[in-house]
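These protein sequences, in sequence, are chains A and B. Quick note: the first sequence, position 38, residue 37 per this note's numbering, numbers continuous. Quick note: the second sequence, position 184, residue 183 per this note's numbering, numbers continuous.
For the record, the hints were derived by calculation from the structure and aren't laboratory data. One or more hints might be untrue.
[Stated by the list, open to error] Quick list of the computed label-pair ranges, beta carbon to beta carbon:
#1 B/73 / A/10: 56 to 62 Å
#2 A/41 / B/154: 46 to 52 Å
#3 A/142 / B/191: 29 to 35 Å
#4 B/192 / A/88: 31 to 37 Å
#5 B/154 / A/115: 17 to 23 Å
#6 B/44 / A/197: 37 to 43 Å
#7 A/185 / B/163: 22 to 28 Å
#8 B/141 / A/141: 22 to 28 Å
#9 A/185 / B/191: 43 to 49 Å
#10 B/156 / A/61: 24 to 30 Å
#11 A/194 / B/29: 46 to 52 Å
#12 B/23 / A/101: 51 to 57 Å
#13 B/116 / A/198: 25 to 31 Å
[To be verified] Looking from chain A toward chain B, a few residues come up when the C-beta cut is under 10 Å (computed):
#14 32
#15 36
#16 62
#17 110
#18 118
#19 121
#20 125
#21 148
#22 151
#23 184
#24 195
Treat the numbers as computed from the prediction; the structure is a model and nothing was measured. Glycine included, each C-beta is placed from N, C-alpha and C at the ideal position.
Number of protein chains: 2
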Amino acid sequence: MFRLAVLASGRGSNLQAIINKLHLSKNNIKISCVISNKKMAIALEIAKNYEIPFYLIDENRYNNDEYEEMLIKTINSHDIDLIVLAGYLKILSAKFVNTFKDSIINIHPSLLPAFPGLDAQKQAINYGVKISGCTVHYVNKKVDTGPIIKQKAVKVEDKDDEASLSKKILKYEHQLLPEAIELIAQGKIKLNKDRTVTIKE
Amino acid sequence: MFRLAVLASGRGSNLQAIINKLHLSKNNIKISCVISNKKMAIALEIAKNYEIPFYLIDENRYNNDEYEEMLIKTINSHDIDLIVLAGYLKILSAKFVNTFKDSIINIHPSLLPAFPGLDAQKQAINYGVKISGCTVHYVNKKVDTGPIIKQKAVKVEDKDDEASLSKKILKYEHQLLPEAIELIAQGKIKLNKDRTVTIKE
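Bound-form chain A, shown alone:
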């Protein structure tokens, strides 16, 4: 069994995609727990509906050290193989990243290294790019700079605004993130020393 912890802060649409494409499928990949830093995260409701263990670690109730200590304990209690950040909007410390070295992935709504950080789709619209997309990458100590596992390009049309571009990109996020998780679970992803990522033959 390949066990996932999914961390989410929001509506949980990427969580739902992982549930639909992996958790409910006949394979050896299962979501062992869903953790949110936000009280109102719909992701927690989704986890509940599918009887997946879920945890709220309310970021407003703890300082960062306390928060991460609880997060680490929760993850360790589930014997996790991969931590998936699926719309998780809290920055993880270097300590956390070291604790789960090369075992954390994130989905970001741009073609990194373009438009890291928050509101990537808005950044793309404001810059006036004609192509944006999404990126699945390993998480390292700096935000949105880790080794890239998969990317998908999305055309930006003249009529697009932040909302319409976000919607288009999200559709591909829902494909790309489960694809990347499946490749990792199958042992097909090789993280090279030069920080490139290749598919094993």
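Assemble chain B onto chain A, guided by the hints.
Positioned in the frame of chain A, the structure of chain B alone reads:
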């Protein structure tokens, strides 16, 4: 007639693409002059072969002010509508850019704003992106940051190195640059105040 000045520093493959797709076609777009800063630029040979006026302004013989003064004089002597940087590897001053405001375009071998500057393909390979591409943009005072006219995405395969990626991207540069020039010549490109570029309906 829509008159182009093409500035090139190297082998001139983008110049050749403009000649094939625009200069030799039945339209109102013509290359009025080719200018190089490099003595050995094959681009000058190509211009000669097609009987296009060509100029060498050897960057090693003049300081930057002298160089640009000669460049401006040469361009002005040809009543140019658009200056096309086609593999032109010399940075233009703010004065030059102001002199030909919104009338200079460049082709860059990455999906800007990712990987500006020299060796964009090498930067992309070293970063480990899965998608790169090329960008046609207006030239402003900062290198590779001007309003984007057109972009094309190119997949980076695990086996790609700088040479193979450059070759793949170049193929699309040869499409994208003539397409952008044609749209501008047809008056179909609108450079908006918010620095985005849209196609006129």
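| query | Can you name, in rising order, the numbers of the hints this structure does not satisfy? | reply | 2, 10, 14, 15, 16, 18, 19 and 23
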